[in-house]
Amino acid sequence: MTTEPNFLDQSLDTEIHQSLPLTRTLFSRGMTVLAFALTGGALLPLFAILFEILRQGLPPLMKLQEMRLLGLPISIPEVLVSLPAPEGVQDRANGFANAIVGTLMMVGIACLISVPFGVMTGIFLSEFGKRNAIANAIRFITVILSSVPSIVVGVFAYAVIVLTKLTIPIPLLNATFQTGGFSAWAGGFALSVIMLPIVALSTEEALKLVPTSHRLASAALGGGRFPTICRIVLASALPGITTGVLLAVARAAGETAPLIFTALSSQFWPQGLFSPTPSLSVLIYGYASSPFKTQNQLAWTASLVLIGLVLLSSILSRLVTRSSLKIR
Amino acid sequence: MTNFFKQSDNLKELSTETDFDTDLTSTEGEGIWLEYGFTGLLWVMALATAGVLFWMSWVIYKDAQPAVREFGLNFLWSQTWNVGQEKFGALPFIYGTLVSSAIALILAVPTGLAVAIITSEDFLPAWVRSPLGFLVELIAAIPSVIVGLWGIFILIPSLLPFQQWLFDHFKWIPLFNSEPFGSGMLMAGIVLSIMILPTVAAISREVLLVIPKELRSASMSLGATRWETIWNVLLPSAGSGILGAVILALGRALGETMAVTMVIGNSIQISPSLLAPGYTIPAILANQFAEAIDKLHIGALMYLALVLFALTLVVNIIAVLMVQLIAGNGLKNVLRPLSLAKGE
Chain G
490 MTTEPNFLDQ SLDTEIHQSL PLTRTLFSRG MTVLAFALTG GALLPLFAIL
540 FEILRQGLPP LMKLQEMRLL GLPISIPEVL VSLPAPEGVQ DRANGFANAI
590 VGTLMMVGIA CLISVPFGVM TGIFLSEFGK RNAIANAIRF ITVILSSVPS
640 IVVGVFAYAV IVLTKLTIPI PLLNATFQTG GFSAWAGGFA LSVIMLPIVA
690 LSTEEALKLV PTSHRLASAA LGGGRFPTIC RIVLASALPG ITTGVLLAVA
740 RAAGETAPLI FTALSSQFWP QGLFSPTPSL SVLIYGYASS PFKTQNQLAW
790 TASLVLIGLV LLSSILSRLV TRSSLKIR
Chain D
110 MTNFFKQSDN LKELSTETDF DTDLTSTEGE GIWLEYGFTG LLWVMALATA
160 GVLFWMSWVI YKDAQPAVRE FGLNFLWSQT WNVGQEKFGA LPFIYGTLVS
210 SAIALILAVP TGLAVAIITS EDFLPAWVRS PLGFLVELIA AIPSVIVGLW
260 GIFILIPSLL PFQQWLFDHF KWIPLFNSEP FGSGMLMAGI VLSIMILPTV
310 AAISREVLLV IPKELRSASM SLGATRWETI WNVLLPSAGS GILGAVILAL
360 GRALGETMAV TMVIGNSIQI SPSLLAPGYT IPAILANQFA EAIDKLHIGA
410 LMYLALVLFA LTLVVNIIAV LMVQLIAGNG LKNVLRPLSL AKGE
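Protein sequence lines correspond, in order, to chains G and D. For this note's numbering, add 489 to where a residue sits in the first sequence, where the first one is 1. For this note's numbering, add 109 to where a residue sits in the second sequence, where the first one is 1.
Just so you know, nobody snuck in bad clues.
Below 25 Å or equal to it, Euclidean Cα-Cα: the simulated DMTMM-like pairs (lysine to aspartate or glutamate) are:
| id | chain 1 | residue 1 | chain 2 | residue 2 |
| --- | --- | --- | --- | --- |
| 1 | D | Lys322 | D | Glu230 |
| 2 | G | Lys697 | D | Glu144 |
| 3 | G | Lys619 | D | Glu144 |
| 4 | D | Lys171 | D | Glu195 |
| 5 | G | Lys654 | D | Asp403 |
| 6 | G | Lys552 | G | Glu567 |
| 7 | G | Lys552 | G | Glu576 |
| 8 | G | Lys654 | D | Glu400 |
| 9 | D | Lys196 | D | Glu400 |
| 10 | G | Lys782 | G | Glu567 |
Hints were generated in silico from the structure; no laboratory data involved.
So here's chain G without its partners, still in its complex pose (with noise of 0.2 Å):
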């Protein structure tokens, strides 16, 4: 039996289709503007900068010189093997790999220092986690280290190394070990402060994937805390570990303020770890705000290096991730 349609129905019926009120439309629509206008505008700047800095920065790049590599000759872009001219001078070749050498060396340096540490720390987070209230304790001491703004880090480190003098000679090597002004060692040491929580929470968060049962087959096996821990446990966790360096590394390597007043900078090939050492952010940072029109030129190509560095480095951490995971 059909019924026919009722009052009741046909106003229920034009109550469901009509439009929503004029304010309540117009708030859906604005807002839907405004969050899309507001996205492109957060997605500018990252365009921006890096048109610029291929826009700005490629040309000096195209200026080739021929060298002989292992007995082959080769171009090599000039800035990329050249150290930097005087100002004015316009016969010889203009560059920054000296700046290339020394951000590498103090990277380097970073890493001697806070990777041992870093592993260290991430495994004794892994391992006595949960447990223990110093443990959670020192997490949360180092979530905070990383946090801490790099310029006071420049600070300590000025304060430790550059302020203090030292000279501890090395019996073997016949060398000596010393402190005391600004060196590519402050530097590193500043570095390796600054990479040191990054490293230990990537760890700790690659050792925390590791499944249980490697661990138990480990122990049922035989195998003590530090058998299980090197042998399987790091085994299975180093494409993490490798990922986080690798993001530390990106993060070091464009770091400027705690180099400015610790490794300083410098026209020459770095000379040693003791004395002050040039570097591509600093190079960047001192180029920028000079009053040459070449130099700023070749800021913006230093920029371009540095960015394909900490680029290359996020891009290989991702890399080794996803190798792993298809071993798995």
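Dock chain D against chain G, hints included.
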């Protein structure tokens, strides 16, 4: 009665993380000293890592003592900074740090929230959302000195007409009553907001994604439009997490050095105008530390570093505690934006 948190409980059960409490240390047999030695080494190195923070605090405190003894607390509200006469005061720098961070927050929080909403709601198809989120996080990977370089040569010239327009038409507001000449507090605020935007966006996105779907469905079933749901239900429910993100971003903004130093104009005058140059604590540390020779000058700079260190320590501890409380075991939420963070 529906358990609205069932979805997050399910997430915890599916976790592949080790919740492993068995102590594997062997207590007898060969290699026992290796066990003990290794465990001891772990303890030593972990305590050393934590000890770095305390070492840092002690060193900075100790080296600030000459200035603390000389100026006491008056340092914090004195305005002179005269290297020759050895009279130092921190007020211009504290003012500059706070104002530039405030501007940065005002600009970055709405933008970061917008990005978080767009990348967590389905305004866009899924294959656009993750690359979009990734691109915003990429901003954090750009070293701060490169952002400063861009700021000097591109941003300042582009925004100078805008600043001139503000000056010409709004002179009567104290905020705009100084002649703009490029670098200034407003520029520093804009550049800072670019740098802290990824932090706000990434953490807000994580917090928004964890909200159970039942809340959305319930709100929609009561007749709310999508934006009314977002505005009245989702954002308040994610409110404390977003607040944690904002405080974390504030902590980052307070300590940001290079990009700010390059665009703020480095002037020790305190001025209410946004178009006037200013100075921040990190900026003067970067500019003057390398050439500081007399003990009182170094001491005053150390005192400034101590103030900055204490300020960021308090802000960051509050932020980490908040985000940890909200996200539970979600240290990953704090870690990823931090580890992708730019250098300065």
